[in-house]
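There are 2 protein chains.
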Amino acid sequence: MNVEIISIGTELLLGNIANTNTVFLSQKLAESGIDVYYTSVVGDNITRLNESLKRALLRSDVVITTGGLGPTVDDITTQTISKLISKRLVLNTRILKDLENYFRMRGMKVLTSSVRQAYIPEGVRHIRNKVGIAPGLIVRYKGKIIVCLPGPPRELQPMFEEKVIPYLQKRNPKRKWILRSQTIKLTGIPESVVNKSIKRILNLRPPTTVGIYCKLGEVDLRIVTKARDEKTAAASIMKVKKKIRERLKDFIFGYGNSTLEGIVGRRLDGLKKTIAIAESCTGGLLASRITDVAGSSRYFAMGIVAYSNAAKENILGVSSQTIEKYGAVSPDCALEMAQRIRLLAGSDIGVGMTGIAGPTGGTIMKPVGLVYISVVFDSRRLIREFRFKGSREEIKFQASQAALDLLRKTIR
Amino acid sequence: MNVEIISIGTELLLGNIANTNTVFLSQKLAESGIDVYYTSVVGDNITRLNESLKRALLRSDVVITTGGLGPTVDDITTQTISKLISKRLVLNTRILKDLENYFRMRGMKVLTSSVRQAYIPEGVRHIRNKVGIAPGLIVRYKGKIIVCLPGPPRELQPMFEEKVIPYLQKRNPKRKWILRSQTIKLTGIPESVVNKSIKRILNLRPPTTVGIYCKLGEVDLRIVTKARDEKTAAASIMKVKKKIRERLKDFIFGYGNSTLEGIVGRRLDGLKKTIAIAESCTGGLLASRITDVAGSSRYFAMGIVAYSNAAKENILGVSSQTIEKYGAVSPDCALEMAQRIRLLAGSDIGVGMTGIAGPTGGTIMKPVGLVYISVVFDSRRLIREFRFKGSREEIKFQASQAALDLLRKTIR
Chain A
1 MNVEIISIGT
11 ELLLGNIANT
21 NTVFLSQKLA
31 ESGIDVYYTS
41 VVGDNITRLN
51 ESLKRALLRS
61 DVVITTGGLG
71 PTVDDITTQT
81 ISKLISKRLV
91 LNTRILKDLE
101 NYFRMRGMKV
111 LTSSVRQAYI
121 PEGVRHIRNK
131 VGIAPGLIVR
141 YKGKIIVCLP
151 GPPRELQPMF
161 EEKVIPYLQK
171 RNPKRKWILR
181 SQTIKLTGIP
191 ESVVNKSIKR
201 ILNLRPPTTV
211 GIYCKLGEVD
221 LRIVTKARDE
231 KTAAASIMKV
241 KKKIRERLKD
251 FIFGYGNSTL
261 EGIVGRRLDG
271 LKKTIAIAES
281 CTGGLLASRI
291 TDVAGSSRYF
301 AMGIVAYSNA
311 AKENILGVSS
321 QTIEKYGAVS
331 PDCALEMAQR
341 IRLLAGSDIG
351 VGMTGIAGPT
361 GGTIMKPVGL
371 VYISVVFDSR
381 RLIREFRFKG
391 SREEIKFQAS
401 QAALDLLRKT
411 IR
Chain B
1 MNVEIISIGT
11 ELLLGNIANT
21 NTVFLSQKLA
31 ESGIDVYYTS
41 VVGDNITRLN
51 ESLKRALLRS
61 DVVITTGGLG
71 PTVDDITTQT
81 ISKLISKRLV
91 LNTRILKDLE
101 NYFRMRGMKV
111 LTSSVRQAYI
121 PEGVRHIRNK
131 VGIAPGLIVR
141 YKGKIIVCLP
151 GPPRELQPMF
161 EEKVIPYLQK
171 RNPKRKWILR
181 SQTIKLTGIP
191 ESVVNKSIKR
201 ILNLRPPTTV
211 GIYCKLGEVD
221 LRIVTKARDE
231 KTAAASIMKV
241 KKKIRERLKD
251 FIFGYGNSTL
261 EGIVGRRLDG
271 LKKTIAIAES
281 CTGGLLASRI
291 TDVAGSSRYF
301 AMGIVAYSNA
311 AKENILGVSS
321 QTIEKYGAVS
331 PDCALEMAQR
341 IRLLAGSDIG
351 VGMTGIAGPT
361 GGTIMKPVGL
371 VYISVVFDSR
381 RLIREFRFKG
391 SREEIKFQAS
401 QAALDLLRKT
411 IR
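So the protein sequences, as listed, match chains A and B. Oh and the first sequence: position 349 is 349 in the working numbering, straight run, nothing missing. Oh and the second sequence: position 117 is 117 in the working numbering, straight run, nothing missing.
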């Protein structure tokens with residue numbers, strides 16, 4: 001079985017938005033061992049969409065379209081399909097019911113423009129949209145399959161994973177291979193050092209390869225293998241993973257979709273330890289990341305964003321002497337912030353962070369990007385100095401990442 | 001003149017990397033008034049690339065390919081072009097010289113695999129690559145133009161802007177238009193309501209159109225116009241903008257790249273008012289967004305992330321009676337949080353936020369997504385109730401967005 005993806009939308013041709021749907025669909029299809037030979041983009045133009053669909057149906061078994069299912073006149077997908085397969089549009093009462101429910105839950109009546117979305121070509125199957133309005137379509141036509149999905153990623157993604165992938169897999173018995181991958185996530189180490197330490201592994205040739213992906217404050221290594229069965233795939237991945245672990249163990253914080261805040265949270269939860277945070281330059285970002293984790297209320301006691309010296313002194317209780325003598329951006333102030341917040345919150349762990357996020361406010365001795373992070377836990381008092389580079393937001397993020405990494409290492 | 005873009009690379013079909021080249025090329029072509037009707041991706045496969053090129057040449061004046069110009073056997077572009085136009089590959093001594101220079105500057109001899117990159121189809125013009133190795137190609141074939149560019153963005157981008165755009169513009173004397181756009185940003189209003197209030201405007205036909213883009217907690221309207229000159233473009237945009245403003249004024253928070261936190265910050269700064277925040281369910285996100293703005297230290301006094309009831313009572317000083325009587329998630333608690341943090345910080349404005357971010361912790365009376373936001377400013381005490389939907393992170397973001405919007409309206 002081979003699949004072709006057609007994304008519909010003039011905004012994509014103008015480069016206004018990136019085609020993230022195609023990336024998502026391609027990844028999921030590859031993981032399922034389904035070949036994608038072509039992807040393309042066509043504007044909101046019936047003639048050109050029709051031409052693209054016809055061409056795709058000649059060379060591919062399955063054509064997946066994204067977008068063009070909305071309520072406006074620019075949304076041409078349903079109409080084009082109806083014309084292509086010569087089936088008139090008929091009102092689907094189940095879709096209409098879903099629509100009515102959607103609007104009722106929002107205290108509204110169904111918009112007249114949206115009623116149009118309940119009309120689909122006769123005999124065509126629809127996929128319910130649990131997040132938004134536009135349903136998807138599954139069309140069987142001359143031995144081929146056309147799947148139409150809505151454009152918004154948060155609507156398309158669950159529909160594709162829950163309905164379309166199982167539907168295609170059932171109809172793809174001659175599957176020859178599967179693609180499996182694993183991502184190893186590192187932090188606290190520059191890409192160049194990773195590159196050097198595992199140079200040979202990065203030069204591996206198919207069927208098993210390793211890619212390096214550099215993000216802000218994080219380096220990801222992605223092992224990809226093509227195999228005939230799960231067992232072979234798992235063994236190939238394990239072999240490479242072991243080699244990477246041997247060389248870079250200390251910097252690996254997680255695998256797959258794990259996040260640093262999730263890893264730290266799980267450890268805190270497991271140890272039944274609570275944490276409190278006093279942050280300055282990160283402005284609440286560290287607390288926000290920690291509380292992104294469901295269940296964080298069990299271990300997150302409180303946070304104070306002490307931006308001004310007044311807040312550091314009056315609310316947090318950092319001594320004015322410390323600030324006068326060493327400055328607000330100093331290892332001493334970071335430590336005292338960590339100690340004071342632990343005391344105030346009555347938590348097991350205290351974190352103090354102070355630094356200069358920029359773009360202004362730096363000096364020669366204390367440049368933009370200088371950050372001090374302190375963690376106090378039991379009798380331990382850790383203080384680290386960092387010098388980050390980048391924009392204000394990039395420095396904030398890297399500082400929060402470094403604090404989480406220090407926490408990870410401290411509580412392991 | 002209309003252009004079609006073909007990106008070459010199996011890694012694109014596997015969804016391993018995003019197709020940023022197509023976004024870049026599309027934007028630049030649109031700005032130059034050159035139409036793009038199709039873009040597509042094809043794997044590293046000679047037969048399929050050949051088929052795609054032939055198809056593209058039937059319907060487009062110019063075909064731009066990206067990728068497949070490297071030194072490995074997977075790089076098939078030059079070879080495919082040579083076959084398509086029936087011109088044999090010949091050594092180009094000027095390319096070879098560039099190659100030798102490139103390697104000499106790096107203290108190396110030319111790699112044998114790279115010598116292959118100095119062979120191009122007879123009679124074809126090449127574009128020098130100042131950043132990397134692979135030269136680009138400009139092929140004239142049966143009245144059409146094929147432009148081949150290397151895959152790495154930092155090589156492709158200067159070649160395209162410096163050489164290809166001028167080349168195409170010279171051959172597009174009948175350029176009739178330029179493309180200009182403006183984005184209007186709204187919040188606090190659902191997409192469906194925007195749709196309804198400006199239905200006619202959304203149905204505008206070219207040369208001036210309005211697109212609606214729904215983000216989390218934000219709806220963007222993008223006016224795009226095709227015009228003969230800057231003056232006409234500006235007038236067309238202004239005319240539509242005025243109409244949109246007439247109907248949706250209250251919900252418009254900014255234009256272009258502006259952010260809600262930036263707009264709120266600028267107003268606070270202008271009025272010389274300071275702000276302090278006590279947040280619960282948003283876990284520091286509101287403080288973090290406010291402090292994403294450079295210069296926010298001038299108006300952001302402090303923030304407290306009071307997650308637990310203990311923190312709300314002991315540190316913030318919310319009365320235990322309020323929490324007992326109404327619960328921590330209540331309008332009363334939100335108001336008291338706003339009042340207490342204003343008092344503690346000695347700021348002009350206080351913000352209190354409390355709610356349930358989920359995924360657990362909701363009840364029938366107080367479901368996940370219920371959030372109370374209070375703003376106190378001078379003698380005003382505002383309290384609003386919201387019911388958001390989505391994941392924990394989505395609820396956090398929408399709540400922070402609603403708080404910023406309430407601030408925006410309060411301090412205008």
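Treat the hints as calculated values from the structure; they're not laboratory data. No experiment lies behind these values; they were computed from the predicted model shown. Please note that a few of the clues may not be correct.
All copies of an identical chain are treated as equivalent in the list; a pair is satisfied when it fits inside any one copy or across any two copies.
[To be verified] No more than 30 Å apart at the CA atoms, straight line, and that leaves these computed lysine-lysine pairs for DSS-like:
(1) Lys-196 with Lys-409
(2) Lys-272 with Lys-176
(3) Lys-109 with Lys-199
(4) Lys-389 with Lys-170
(5) Lys-366 with Lys-273
Structure-based check of each hint:
1. Within a single copy, Lys-196 and Lys-409 get their C-alpha atoms as close as 23 Å, which meets the 30 Å cut-off; across copies the closest is 54 Å, which misses it.
2. For a Cα distance limit of 30 Å, the shortest separation of Lys-272 from Lys-176 qualifies neither inside one copy, at 48 Å, nor across copies, at 67 Å.
3. Taking the shortest alpha-carbon separations for Lys-109 and Lys-199, only the inter-copy value of 16 Å comes in at or below 30 Å, while the best intra-copy value is 61 Å.
4. With identical chains, the CA atoms of Lys-389 and Lys-170 are never at most 30 Å apart, being 50 Å at best within one copy and 33 Å at best between copies.
5. In this assembly of identical chains, the alpha carbons of Lys-366 and Lys-273 lie at most 30 Å apart only when taken from different copies (28 Å versus 34 Å within one copy).
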